[in-house]
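In order, the protein sequence lines correspond to chains D and P. Going by the numbering used here, the residue at position 87 of the first sequence is 87; the numbering climbs one at a time, nothing skipped. Going by the numbering used here, the residue at position 52 of the second sequence is 52; the numbering climbs one at a time, nothing skipped.
By construction, these hints were calculated from the structure, which means they are not laboratory data. Each residue gets a CB set at the ideal place from its N, CA and C atoms; glycine is no exception. Some hints here could point you the wrong way.
[To be verified] Listed next, the in silico PhoX-like pairs over lysine-lysine satisfying Cα-Cα at most 20 angstroms (straight line):
(1) Lys8/P - Lys178/D
(2) Lys8/P - Lys191/D
(3) Lys144/D - Lys191/D
(4) Lys77/D - Lys178/D
(5) Lys191/D - Lys15/P
[To be verified] Label pairs and their calculated CB-CB ranges:
(6) Arg88/D - Thr67/P: 37 to 47 angstroms
(7) Lys191/D - Ser6/P: 17 to 27 angstroms
(8) Gln29/D - Val73/P: 45 to 55 angstroms
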Amino acid sequence: MLPCGCLSPRGRGDKSLDQSAALNRFLAQVERRAFGMARMASGSPDDALDIVQDTMFNFARLYANRPEGEWNVLFYKILHSRITDWYRRTAVRRRFHDWFGKPRDDEADEEDPMARVADSTSPDPAEGVMRQEFTGALQAALRKLPLRQQQAFVLRAWEGFDTAQTALAMGCSEGSVKTHYSRAVHALQIKLEEFQS
Amino acid sequence: MNEKLSEKEARFLEKARQGFLASEEHLDAGTLSRLRDARVRAVEVADARGRGFFRIPNWTRDGGFATAAAAVVVFTIWVDTPRQELPVKNADDIEIVLNVDSVDNIDIYEDLDFYEWLAGTGNGSSS
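Take the sequences, apply the hints, and build the full model.
Rendered as structure tokens:
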């Protein structure tokens, strides 16, 4: 034992390994959901992968040394910041294309390919089909909402964040989160009325 | 009415959550592979940062800043303190102050026995 309480090289190596394993576990746990959120916001699997990759890099670079309890909110904070950046860039590109009359790259990507995949999580095929249809309709309806409403809804309904965590991840006040979330739920309920039996 | 609405809302949210969770399970192998690659690279980035030979721990950096700031404050106070002009600046000045070369001073020391005797006899006093 070192008198100064410093970690021995072996101890430091163990700590580093533990941290790498914990980081790997955490990223493995959130990567699918992050990809789903990014794809829903962008409508493009390739762009979604870029967004998630960028998020993972920045998270590892900036926040890997922070306590593990803070990781979840910090990760989604970066993810939604990247999605917002993507939105801004895309809006500029779309405006540019609209001015010059060029066709958009994503016009053919309106339908979510995941909506066509059979749902294997339900033992009842009819229920599986219903859920699959509902999910496809929900994702399509979400995509038409303003970005902030989309983000508030997915963070609360999908990730299960409370208002304070959502506010931290979105970088806005809790009051704004409540407003965005309430509007999103209201709009989605109206759009998905047929599924609410 | 409100209770009914919130119950309906809760059911809707649960349904949405189930739908989202189910969609996570249906990713193709190519996407999963790319996600895994990105994850491995991100972990490597974190490892490289953690193992860096010249990496300065945060507490050392903070402590360094605090020490440097304190040093600047101390130096500033030290420089700004008004200096008192000392009458003696070097060895020559000491001699002048002590006036060791002065002839009068030497006379006083030579006549010390006389002054002592004078004080003893009382002739030097005014009474």
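Hints versus structure:
The straight-line distance between the Cα atoms of lysine 8/P and lysine 178/D is roughly 18 angstroms, inside the 20 angstroms bound, and the hint therefore holds. For the given pair, lysine 8/P sits about 15 angstroms from lysine 191/D by alpha-carbon distance, which is consistent with the 20 angstroms threshold. Restraint check for lysine 144/D and lysine 191/D: satisfied, since their Cα atoms lie roughly 10 angstroms apart, inside the 20 angstroms limit. Pair hint lysine 77/D plus lysine 178/D holds up; C-alpha atoms about 17 angstroms apart against a cutoff of 20 angstroms.
Under the criterion of a C-alpha separation no larger than 20 angstroms, the hint pairing lysine 191/D with lysine 15/P is consistent with the structure, at around 14 angstroms. Our hint of 37 to 47 angstroms for arginine 88/D and threonine 67/P holds, since their Cβ atoms are close to 42 angstroms apart. With their beta carbons about 19 angstroms apart, lysine 191/D and serine 6/P fall inside the hinted range of 17 to 27 angstroms. At roughly 48 angstroms, the beta carbons of glutamine 29/D and valine 73/P sit within the given window of 45 to 55 angstroms.
When each numbered hint is compared with the structure, no violation occurs for any of them.
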